[in-house]
Amino acid sequence: MVTAGTEDALIHARGLVKRFGELVAVDAVDFDLKRGEAFGFLGPNGAGKTSTMRMIGCVSPVTDGTLRVLGLDPAKDGVEIRGRLGVVPQEDSLDLELTVRENIVVYGRYFGLPRSVLKQRADELLEFVELSDRADDRVEPLSGGMKRRLTIARSLINEPEVLLLDEPTTGLDPQARHVVWDRLYRLKRRGVTLLLTTHYMDEAEQLCDRLVVMDKGRIVAEGSPRELIERYSTREVVELRFADDDGQPDDLGYWTDGLVTRVEPLPDRVLLYTDSGDAAAHGIHERGLVPDSVLVRRSTLEDVFLHLTGRTLIE
Amino acid sequence: MSSYTLPLRPLEFFFAQYRRVWRGTAISSVITPVVFLLAFGFGLGRLVDRTADLPDGITYLEFVAPGLLAATAMQIATFEGSWPVLSAIKWSRQYHAMLATPLRVVDVLAGHQAFIAFRMVMTSSVYLAAIAAFGAVNSPLGILAIPVTVLVGLAFAAPIAAWGAYTQTDQSFVAIFRFGILPMFLFSGTFFPIERLPGVLEVVAYVTPLWHGVDLCRQLTLGDVDPASAAVHLAYLIGFSSLGLVVAYFSYRRRLVV
Numbered sequence: 001m002v003t004a005g006t007e008d009a010l011i012h013a014r015g016l017v018k019r020f021g022e023l024v025a026v027d028a029v030d031f032d033l034k035r036g037e038a039f040g041f042l043g044p045n046g047a048g049k050t051s052t053m054r055m056i057g058c059v060s061p062v063t064d065g066t067l068r069v070l071g072l073d074p075a076k077d078g079v080e081i082r083g084r085l086g087v088v089p090q091e092d093s094l095d096l097e098l099t100v101r102e103n104i105v106v107y108g109r110y111f112g113l114p115r116s117v118l119k120q121r122a123d124e125l126l127e128f129v130e131l132s133d134r135a136d137d138r139v140e141p142l143s144g145g146m147k148r149r150l151t152i153a154r155s156l157i158n159e160p161e162v163l164l165l166d167e168p169t170t171g172l173d174p175q176a177r178h179v180v181w182d183r184l185y186r187l188k189r190r191g192v193t194l195l196l197t198t199h200y201m202d203e204a205e206q207l208c209d210r211l212v213v214m215d216k217g218r219i220v221a222e223g224s225p226r227e228l229i230e231r232y233s234t235r236e237v238v239e240l241r242f243a244d245d246d247g248q249p250d251d252l253g254y255w256t257d258g259l260v261t262r263v264e265p266l267p268d269r270v271l272l273y274t275d276s277g278d279a280a281a282h283g284i285h286e287r288g289l290v291p292d293s294v295l296v297r298r299s300t301l302e303d304v305f306l307h308l309t310g311r312t313l314i315e
Numbered sequence: 316m317s318s319y320t321l322p323l324r325p326l327e328f329f330f331a332q333y334r335r336v337w338r339g340t341a342i343s344s345v346i347t348p349v350v351f352l353l354a355f356g357f358g359l360g361r362l363v364d365r366t367a368d369l370p371d372g373i374t375y376l377e378f379v380a381p382g383l384l385a386a387t388a389m390q391i392a393t394f395e396g397s398w399p400v401l402s403a404i405k406w407s408r409q410y411h412a413m414l415a416t417p418l419r420v421v422d423v424l425a426g427h428q429a430f431i432a433f434r435m436v437m438t439s440s441v442y443l444a445a446i447a448a449f450g451a452v453n454s455p456l457g458i459l460a461i462p463v464t465v466l467v468g469l470a471f472a473a474p475i476a477a478w479g480a481y482t483q484t485d486q487s488f489v490a491i492f493r494f495g496i497l498p499m500f501l502f503s504g505t506f507f508p509i510e511r512l513p514g515v516l517e518v519v520a521y522v523t524p525l526w527h528g529v530d531l532c533r534q535l536t537l538g539d540v541d542p543a544s545a546a547v548h549l550a551y552l553i554g555f556s557s558l559g560l561v562v563a564y565f566s567y568r569r570r571l572v573v
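The listed protein sequences correspond, in order, to chains X and G. Position one of the first sequence corresponds to residue 1 (our numbering), numbered consecutively onward. Position one of the second sequence corresponds to residue 316 (our numbering), numbered consecutively onward.
With the rest of the complex left out, here is chain X (with noise of 0.2 Å):
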């Protein structure tokens, strides 16, 4: 039987362990990036997902365990390492007082790329990003979508075999997000291998193939999101609100028997988990149970979250 070995995965973590003094920011995580794919990891802020990323970046020392990246030992190869990756940080590191181009040239020349090769680049990359017609402008006035795309076609110069997104879309507003999501997407398609943290569920659901949901540090599932929905949420969700915290019920276990697989009452709503909404939300009313508002929704990987933690992705 032949199975997937090292060899085969361009980033390979067993008990990867990051810690900071006494604070353990990685706890012993494994996990494997195969080529071509689009993985994520997802958790709230301060999971240790940012300190992943940099271990496997290579600009922060692995504290214990096993990190190979494009098969090659961080701590021996980084230089090798960083040439065939890219880099998409959580902190914009563009200069602003330079323009487009000079940011994505300069850059291009960390590679010790030639200028020749890094003038035919960066016109490539600006119109994929469209940022073609701001090429000779400062960046400086450039909106935050702009510089996150900037910052993205930057990270695409030295044409890397894995692109790492460290919460690519954070800070943005929607239409931005979505801008970026689009050419993420596109990379995506053309077999560029993405390996992305996020804290917004729809971010992890939109782009990745498959994930890991990070908590405190560690792991604590993995899957495809269809996957993750399945095995730890239910086909959809009854939000229910009530006028005052006094109007929730005490008794929910009374009211929703025999009509939801499970309860999740939170501070300012309780969330109902069925396979059919619409059955459940009409037998609660049934039963005389009136809340303020009912809203019969799909899973998402936020209750995926919940029930795995028993918090919320963004609190």
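Misleading hints may appear alongside valid ones.
Said to hold, decoys possible - Result set (SDA-like, lysine to any residue): computed pairs, CA atoms no more than 25 Å apart in a straight line: (1) 119(X) with 140(X); (2) 405(G) with 572(G); (3) 76(X) with 571(G); (4) 119(X) with 330(G); (5) 405(G) with 137(X); (6) 76(X) with 113(X); (7) 119(X) with 335(G); (8) 405(G) with 171(X); (9) 119(X) with 333(G); (10) 76(X) with 569(G); (11) 188(X) with 216(X); (12) 216(X) with 171(X); (13) 119(X) with 332(G); (14) 405(G) with 172(X); (15) 216(X) with 226(X); (16) 405(G) with 330(G); (17) 216(X) with 230(X); (18) 76(X) with 572(G); (19) 216(X) with 74(X); (20) 76(X) with 322(G); (21) 405(G) with 138(X); (22) 119(X) with 327(G); (23) 405(G) with 188(X).
Note that these hints are calculated values from the structure, not bench results.
Given chain X, work out where chain G should sit, using these hints.
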């Protein structure tokens, strides 16, 4: 891909930045020496030349010009090692951009310091041409003052960069200029021989890298080189800047590799 070109690659960034501002710095590096030379060389110099006993009958202009050359190198290098270093870590985060590529911490430091060395060569060349035009360079050996200002620059830029990579805010930089750089500018032999200083301060002046730079530049532009003391100056400047670079390297690592 050979690793020996790595320390040169960050230069691309600093040159790209410099291309945006070089006109301004070129103008100020001409105007500043001219203003100082007019004020001290001619204004004060007229007064001093009548009364002072400068060695070997040189004019005050000839005395003060090489001092200003070294002192200017110190000021520019100190500036370049302070705000730009902290900015590349905290604000523009350009060091982080560099470290995400094949570049290592040692390349980032070496590249930045190499750029500062380049700035020294540019500024000192303009300055030297200006003071030569005022007739204050007596010997072709004066051209060697340019590499000396590079060493003076590194002797300041490297330790300041070590601090710039350590500190969290830029508040200390103004204090460094006011209480470190300005006194050195005034009391390290730029404007008068340090033998005129009271005993303790004279010893302090001997320890500053600026005095070694000033005296060496002066020997060169006057064409009156004393091999023994010149060798001491050179060794001191090389030692001081090398030590500064080592400290800066560890400071960079501590801040950037976490």
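Here's how the hints hold up against the structure:
no. : hint               : verdict
1   : 119(X) with 140(X) : 22 Å, holds
2   : 405(G) with 572(G) : 14 Å, holds
3   : 76(X) with 571(G)  : 18 Å, holds
4   : 119(X) with 330(G) : 17 Å, holds
5   : 405(G) with 137(X) : 23 Å, holds
6   : 76(X) with 113(X)  : 23 Å, holds
7   : 119(X) with 335(G) : 20 Å, holds
8   : 405(G) with 171(X) : 19 Å, holds
9   : 119(X) with 333(G) : 20 Å, holds
10  : 76(X) with 569(G)  : 19 Å, holds
11  : 188(X) with 216(X) : 29 Å, violated
12  : 216(X) with 171(X) : 23 Å, holds
13  : 119(X) with 332(G) : 18 Å, holds
14  : 405(G) with 172(X) : 21 Å, holds
15  : 216(X) with 226(X) : 23 Å, holds
16  : 405(G) with 330(G) : 20 Å, holds
17  : 216(X) with 230(X) : 23 Å, holds
18  : 76(X) with 572(G)  : 15 Å, holds
19  : 216(X) with 74(X)  : 24 Å, holds
20  : 76(X) with 322(G)  : 18 Å, holds
21  : 405(G) with 138(X) : 20 Å, holds
22  : 119(X) with 327(G) : 14 Å, holds
23  : 405(G) with 188(X) : 32 Å, violated
The structure does not agree with the numbered hints 11, 23 stated previously, though it agrees with the rest.
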